[in-house]
Amino acid sequence: MATVTPAIESHSDGHAHGHEHHHEIGFIKKYVFSTDHKVIGIQFLVTTMLMLMVGGALALAVRWQLAFPWENMPILGKIFTGEGGQISPEFYTMLFTMHASVMIFLVIIPVLAGAFGNFLIPLQIGADDMAFPIWNMLSYWCMWPAMACFAISFVAGGATAGPAAGWTSYPLLSALVNAAPGSGAAQTWWLFGLTLVGFSSMMGSVNYMTTIINMRAPGMTMFRMPLTIWSMFITAILQAFALPVLTAAGFMLVADRMMGTCFFIPAGIIVNNAEPTVGGGQPLLWQHLFWFYSHPAVYIMLLPAMGMVSDILSCMCRKPIFGYKPMVYSMSAIAGLGFIVWGHHMFTSGMNPALGMTFMTSTMMIALPSAIKTFNWIGTIWGGRVRFNAIFLNCAGFVSMFIVGGLSGIFMAAVPVDIYFHDTYFIVAHFHYVLFGSTLFGVFAAIQFWFPKMFGRLMNDTVAKWHFALTFIGFNGTFFPMHLLGIAGMPRRYADPYLHPYLEHLLPMNQFMTISAVLMGVAQFLLLGNFAYSVFMGKKTGRNPWDANGLEWSAPSPPGHGNFDVPPVCYRGPYEYSSPEAKAIGQDFILQTEPPVDASKIAASDTKNVH
Amino acid sequence: MAHDDHSAHHVNYLAVFAALCIFTGLSVLFDVLSFENRMITIVLVLAIAVAKAMSVMMFFMHLKFEGNWKFVLLAPTTILAIGLPIALLPDIGVKYYTTLAPQDGVWGAEMEELDAAHHGGGEHSKSEDAHAAPADDHKAPEADAHKA
Amino acid sequence: MGIPIPNSKLGLWLFLGTEIMFFTAFIGSYIVLRIGSRGWPTDPHDTHINVFLGGLNTFVLIVSSYFVVVAHEAMAQKQFDKARKYLIYTLGLACLFLCIKGAEYNGKFANDILPGRIPETPGQAISKVDRQLEEVVRERFAVYTDAKLVEVPEANDLSTVNAQLDIFSKSDKGEPAQRENAAADVVLFGKWQNLHQHIVANVSLVEVPEATGPQYLAARAALAEGDSLPPLAYSEVETFLAGLKADKTYAASVSGIFDMHPVLYGNLFASIYFLMTGFHAIHVLVGMGLFIWALMQGSKMDDRWTNWVENSGLYWHFVDLVWIFLFPLLYII
Amino acid sequence: MIASSNGWWFPGDAMSPLGKRIDELFYLILGIVTVVFVGTQFALGYVIWKGATKKDGESAEFSHGSHSLELIWTIVPAFVLVFIALYQMDVWAEFRVQSYYPEQTQEDGPKFEVTARQFEWRIRYPEAGQPLKNQPEPQDLYAVNEIHVPTGRPVKFNLRTDDVQHAFFAPELRVKQDAVAGLIIPVWFEIPVAGEYQLLCAELCGWGHYKMRAIIVAEPQDKVNEYLARLKEDQDFDGVVKDAEEE
Ligand code: HEA
Ligand code: HEA
Ligand code: CUA
Ligand SMILES: [Cu+2]
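The listed protein sequences derive, respectively, from chains A, B, C and D. The opening residue of the first sequence carries number 69 in the working numbering; numbering runs sequentially from there. The opening residue of the second sequence carries number 64 in the working numbering; numbering runs sequentially from there. The opening residue of the third sequence carries number 7 in the working numbering; numbering runs sequentially from there. The opening residue of the fourth sequence carries number 9 in the working numbering; numbering runs sequentially from there.
Check each hint, because a few of them may be wrong.
To be verified - If the Cβ cut is set under 8 Å, some of the chain C residues that face chain B in the computed set are: (1) Met7; (2) Ile9; (3) Gly23; (4) Val57; (5) Thr64; (6) Ala80; (7) Ala169.
Honestly, the hints are just simulated from the structure, not real lab data. Built from N, CA and C at the ideal position, the CB exists for glycine as well.
The whole structure should be built from the sequences, with the hints applied where relevant.
Here it is as C-alpha cells:
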C-alpha cells in the first residue's frame with residue numbers, strides 16, 4: 069500500500085465514510101459519475117458491449133455488400149441509408165472504416181484496458197482504488213465525446229459519405245479535403261474522435277502504471293502479481309509511449325487539413341481538379357508514425373487478453389501456470405519488439421528496401437515470445453484437471469485461434485510473400501483471427517469468469533456454451549475462407565470485387581461467409597441476453613465461486629466501496645493450485661491472502677498423498 | 064516522506080541558474096560567430112542543449128537525488144526518442160527513390176536563376192543550398208545571416 | 007508496496023514520459039523532414055526568425071524555472087508567503103514569454119510567413135502578387151460601391167471598373183478628395199489588370215508594356231502565328247511591385263502587399279515552426295493554469311500544496327526543457 | 009486440395025519468374041506452418057481431452073514449468089524463423105533493391121511510366137528509340153488502362169501517382185507496389201508467356217478504388233512496336249483531314 073497519501077489526490081473522502089454511509093452517495097454519483105474503479109470498469113464493459121453491436125452491425129453491412137453486391141440490404145440498409153438500402157461505393161468505404169474504428173477504438177481497446185483493467189487492477193493487487201480516481205472517471209467520460217465525434221462523422225459528410233480513408237487513414241486521401249466524398253468534415257470529426265480516444269487511453273495508462281507500481285498490497289511483489297496485472301502493466305507502458313506519437317501525428321494531419329500546413333502533403337498534387345498543392349511534406353511519414361503506434365496497439369489489443377486467459381486457464385485446470393517468469397519475460401519481449409516491427413505494414417509502401425529487411429527480421433523474431441506463450445498455455449493445460457465449462461472453452465478457443473492468426477502472420481512477415489498478400493483478404497483473415505478469434509474469445513471468458521465478482525451472481529453456463537459453440541463455428545466459417553480469398557488475390561476494401569473477371573467465382577464463397585457472419589452475429593445475442601439476465605436473476609454466489617487464488621477472490625462479491633473488508637496481505641504467488649500447501653489445508657487452491665501453512669502440516673499431507 | 068529527502072540535499076540553485084544562462088549565451092554566440100563549417104555550429108549548439116537539459120533534469124527536477132526508478136522510466140523514452148528519428152531517417156530523410164517535388168525538380172533551374180538575380184549573385188550561397196546534395200544543405204548564408 | 011515517492015509525483019513523471027514521446031514525434035518529424043528536403047530557409051530575411059528574441063525567451067524560461075525551484079524549496083521550508091511570491095514571479099515570466107512569442111508570431115503574420123501561403127517558386131510568387139493586388143483592388147473598389155458612387159458591376163466583374171471609376175473621377179458626384187483618389191485608383195486598377203493579363207497569357211510585361219484590355223489583345227493578335235512573347239519573368243514582377251510601392255499616389259494602398267520572394271520549402275518550415283512553438287505555447291498556458299490554481303488558494307496554500315507546487319514545478323521544468331531543444335533546433339540550426 | 013480444385017487458390021500459376029519464387033516461398037512457409045499448426049492443435053486437443061477426462065479424486069499435477077522445455081521451444085522456433093528470414097532475403101532484394109534488379113533492366117532503363125490517378129491508370133511511353141524522361145516530353149505517347157510489354161525479358165517501368173496513394177497490383181505476376189505522391193518508384197517484372205494479365209489497385213484511394221482496372225498485354229517485341237506505332241499515329245492525327253472532308 070502506498071505509504072503516502074498526497075494532498076491533491078481526491079479519494080480521501082472514500083475512507084471517511086464507512087460502508088454504512090453508502091446510501092448517502094446519490095444515484096448519479098454512485099452509478100454515473102462515479103470515481104469507483106469497479107463502477108467505471110462496469111460502465112466501460114457495458115458501453116463496449118453495446119459498441120460491439122454497432123461495430124458488428126457495420127460488419128454485417130460490409131458482408132451484405134460482398135455477398136449480394138448492389139442489392140438493397142434489408143433492415144440495416146434502411147436504417148443506414150434511409151432509402152432502399154443500396155450501398156454505394158463511398159458508403160461501403162465508410163462502412164469498413166467505421167467498422168474498424170468502432171471495433172478497435174471503442175470495443176477492443178476500451179474493453180481490455182478500460183473495463184478489465186479498471187475492474188481488476190486494484191482488486192488483484194489489493195488496493196482500495198486507483199491512484200487517481202478522478203482521472204479515471206474522466207478517462208471513461210472522454211469516451212462519450214469520442215463516440216459523439218465518430219457519430220457525427222457518420223453524418224457530417226452528407227447522407228452516405230463518412231470518413232473514407234480506412235482506419236489507417238493514409239494521406240493524401242485523408243489529408244486533402246477534396247480527395248473523396250467524405251474526406252471533408254467527416255474525416256476531420258473522425259480524427260477528433262481518434263484524438264479523444266487517445267486522451268482517454270493516456271489518462272488510463274498513467275493511472276494504471278502508477279497504481280500498479282505504487283499501490284500493491286503488502287507482500288505483493290512484482291513476481292507475485294497475476295499475469296493479468298503484468299499484461300495490464302505492459303499494455304499501459306505501450307500505450308503511454310506509443311500513443312503520444314499517434315496523437316502528435318493526428319494533430320499534424322488535422323493541421324494539414326485545416327491550417328494549410330504540409331507535413332504529409334508533397335507539392336504539385338492535383339486532386340479532383342483542385343489547385344495543385346503547395347507543400348514539401350511526405351505521405352510516408354504518416355504511415356511510419358501511424359504504425360509506430362498502431363503496431364504496438366495490436367499488442368495492446370492482445371496482451372491483456374493473454375494475461376487474463378493465463379489466469380483463467382490456470383484456475384480452470386487447477387494447475388499453476390506453466391512457466392510464470394517466461395510468461396512475464398515473453399510479454400515484455402513482445403512489448404519491446406513490438407516497438408521495432410511497425411514497418412511490416414509498409415513492405416510495399418515504397419519505403420527504403422533496407423528498412424524492409426530490418427523490419428522483416430524483427431517481425432520474425434516477435435513470433436518467438438508468442439511461441440513461448442502458446443506452448444506455456446498448452447503446458448498449463450497439460451496434466452491439469454480441466455473444468456470443462458464455457459469459460460474454459462473460450463480460453464481454449466483463444467489459444468487455438470491465436471495459433472491460426474499468428475501463423476498467418478508468419479506468411480506476411482516474409483516480405484516477398486507479403487508483396488502478394490499485402491492488402492488482400494489474407495490480411496483481413498489474419499487480423500480477425502487475432503482480434504476476434506483471440507482477443508474477443510479471451511474477453512468472453514473474462515466476462516464470465518469475473519462476472520460473479522462484479523455482480524455477485526453467476527452467468528448461465530449452458531447458454532454460454534451455446535454462445536461459444538455458435539460463435540466458434542460462425543467465426544471460422546466467416547474468416548477461415550478469407551485466407552483462400554486472399555490467396556486467390558481478392559484485394560481488401562473493394563466494394564465490388566466481382567467486377568474483375570478472375571474474382572467472379574468467389575461470390576458463392578463470400579455468400580457462405582456472410583451467412584456464417586450472421587450466425588455469429590445472432591450468437592452474440594445469447595451473450596447479451598445471458599449477461600442481462602444474470603445481472604438480475606443469475607444464481608447468487610459467494611466470494612470465491614471458482615476456488616481461485618487471486619486477491620480479488622478474498623473480497624466480497626461484489627466488493628463494496630474500498631474493496632476489501634480486511635486489508636489484504638499477500639503471501640505467495642497467484643497460481644499455487646494443487647500445491648502441497650493447498651492440499652495441507654484440504655483444498656486444491658490456496659488464496660494469496662492465506663497465511664503460510666505450517667511446514668509440518670504440509671509434510672503430513674504430503675505423505676498421505678504419495679502416489 | 065519523499066520530498067523531505069530532497070530538502071536534505073542542498074543544491075546551489077543560483078549556480079545552476081548561472082550555468083544555464085551562460086550556456087544560453089554561448090549558443091547565441093556560436094550562432095552569431097557562424098563558423099566556416101555549419102556542422103560545427105550544429106554540433107556545438109546541440110551539445111549545449113543537451114548539457115542544459117541535463118542540468119535542468121539533474122538539479123531543478125531533482126533527478127540526481129531520486130531512486131533508480133528514474134532510469135527505468137527514462138531509459139525507454141530516451142531510447143525511443145532517439146530511435147524513432149533514426150528509424151525514419153533511411154526513409155524520410157535519405158530518399159531512396161527519385162522524388163518529383165517541384166521544388167527539387169522542375170523548378171530547380173528556375174530557382175537558380177532567380178536567386179542569382181535576386182541577390183545580385185554570389186552574395187548569398189542560397190542558390191547552391193537549394194540544389195546541392197543534402198549534405199551541403201546547411202552551409203551558412205554567412206554574410207548577413209540573422210541580422211534580424 | 008511501491009517506490010518511495012507519492013503517487014502524484016510518480017504519475018506526473020509517467021505523464022512526462024508520454025509528453026517526451028509527444029514532442030519526440032514532432033521533433034523527430036522535423037529532423038527527418040528537414041534532412042529529406044533539399045534546402046531549407048535559413049535566411050532570417052525569409053524566415054523572419056530572430057535569434058535574439060529566441061535567446062531572450064530561453065533566458066526568460068530559465069529564470070522562471072529557477073523561481074519555481076525556489077518556490078518549491080520555500081514550500082518545503084513552510085515559508086508559504088515566500089513561495090507565493092516566487093510563484094507570482096514565475097507566472098509573470100510566463101506571461102513575458104508569451105508576449106515575446108506573440109511579438110515573434112506577429113512578425114511572421116505581418117510578413118505572411120504562414121503555412122500554405124508562402125510561394126516556393128517564381129511562378130507562385132508572381133501569382134501571389136497578382137492575388138494580393140486583386141484583393142487591394144476589390145477593397146478599394148468597395149469604397150466607391152459602398153458609398154453608392156458607382157454601380158456594382160455584374161457578377162463582380164472587375165473589367166468594367168476602370169471605365170466606371172474614370173467616369174466618376176471626371177463627374178461632379180462625391181467629394182473632390184474622393185474624385186482625386188478615384189483618379190489614382192484608375193491607374194492602380196489598370197496596373198493590376200495589366201499584370202493579370204500578362205499572367206494569364208504568360209507573356210512578358212516588358213514587351214507589351216502598360217497594355218490593358220483591348221489594347222493588349224490587339225497587341226497579341228498582331229503577332230504573326232508562331233511568334234511568342236518572352237514569358238513573364240519573376241524579376242519583371244519584382245520591379246513592377248517595387249514601382250507600385252514607390253509611386254506615392256497609391257503607395258498607401260499597396261504597401262500591405264508582401265515581399266514575394268519565393269522561399270524554397272518555406273511552407274514546410276512554417277508548418278513546423280508554428281506547430282512546435284504552438285504546442286509549446288499550449289503547454290506554457292497549462293503550466294500557468296497550474297500555478298494560478300495554487301495561487302488562487304491565497305493563504306490557504308499551505309503544507310498540503312507542497313506536492314502540488316513540486317509537481318507543477320516538474321511540469322514547468324519539462325516545458326522549459328522542450329524549449330531548450332526547440333531553441334537551437336528552430337532558431338539556430 | 010478442395011480449394012484448388014474449386015479455383016479457390018492462386019489466380020493461376022505465377023507468370024513471372026520472380027512470382028514463381030514467391031510462390032515457392034509461400035509453399036515452403038505453408039509446409040512449415042502446417043506442421044506447426046497440426047502439431048499445436050493436436051497437442052492442445054490432446055491435453056484438453058486428458059485434462060477433462062481425469063477421474064474423480066485424481067488431482068492436477070503440481071508443476072511450475074520446466075526450464076529445459078522452455079529452452080527447447082524457444083530455440084527450435086528461433087531456428088525455423090531465422091531460417092525463413094534469411095532464406096527470403098534475396099527474393100526481396102531482387103524485387104526492390106535497385107542494384108539487384110536484373111542486369112537487362114539496368115541497361116534498358118525504364119521502358120514506360122505508369123501514373124495512377126483517381127480512378128485510372130495512365131501510361132506514358134517515350135518516343136521510339138528515346139529514353140524515358142521523368143518529365144513529359146512533347147513526343148511522348150499516352151495510353152489509358154492498357155499496358156503493352158514485350159514478353160521474355162525483364163521490363164522496368166516508373167510508377168507514379170498524380171493524386172492520392174494507389175498500388176500497382178498484378179495478381180498473376182505477384183507484383184505489388186504502392187504509388188506514392190512525390191516519388192518515382194521503379195518496378196520490374198518479366199512475363200514469359202504472351203497474354204493478357206490483370207492490373208488492379210490495391211491501396212485504398214477513394215470510392216472508386218475497386219474499379220481501377222487495367223490490363224497488361226504481354227506480346228512479342230515487334231507486336232509492341234506495332235502497337236506503339238499505332239499509338240503514335242492516333243496521337244499525331246490532329247483531326248484536320250477529317251474536318252476538311254466534312255466541309
Ligand atoms: C491482436 C492483434 C494482432 C496480433 C497479435 C498480430 C500478430 C502478428 N502479426 Fe498482425 N496485424 C494485425 C493485428 C495483429 N497482428 C492487424 C489489425 C493488421 C492489419 C492492419 C491493417 O492493415 O488494417 C495486421 C497486419 C499484419 C501485417 C501486415 C500485412 C500487410 O498489410 O501487408 C503483418 C506483416 O508482417 C503482420 C504480422 C504479424 C505477426 C508476425 C504477428 C505475430 O505476433 C504472431 C506470432 C504468433 C505465432 C507465430 C503463433 C504462435 C507460435 C507458435 C505456435 C510457434 C511456432 C511458430 C513458428 C515456428 C512459425 N500483421
Ligand atoms: C476488433 C476488431 C474487429 C472485429 C471484432 C471485427 C469483426 C468482424 N469483421 Fe472486421 N475489421 C476490422 C476489425 C474487426 N472486425 C478491421 C480493423 C478491419 C479493417 C478495416 C479497414 O480496411 O480499414 C476490418 C475489416 C473487415 C472486413 C473487410 C472489409 C474490406 O476490406 O472491404 C470484413 C469483411 O468481411 C469484416 C467483417 C467482420 C465481421 C463479419 C465481423 C464479425 O465478427 C462481427 C460479429 C459481431 C456481430 C455481428 C455483432 C452482433 C450484432 C448484431 C447482429 C446486431 C445487429 C444490431 C442492430 C441492427 C442494432 N471486417
Ligand atoms: Cu487506386 Cu485504389
Ligand atoms: Cu503489425
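(request) Could you tell me which of the numbered hints above are not met by this structure, giving the numbers in increasing order? (result) The structure breaks hints 1, 6 and 7; every other hint is satisfied.
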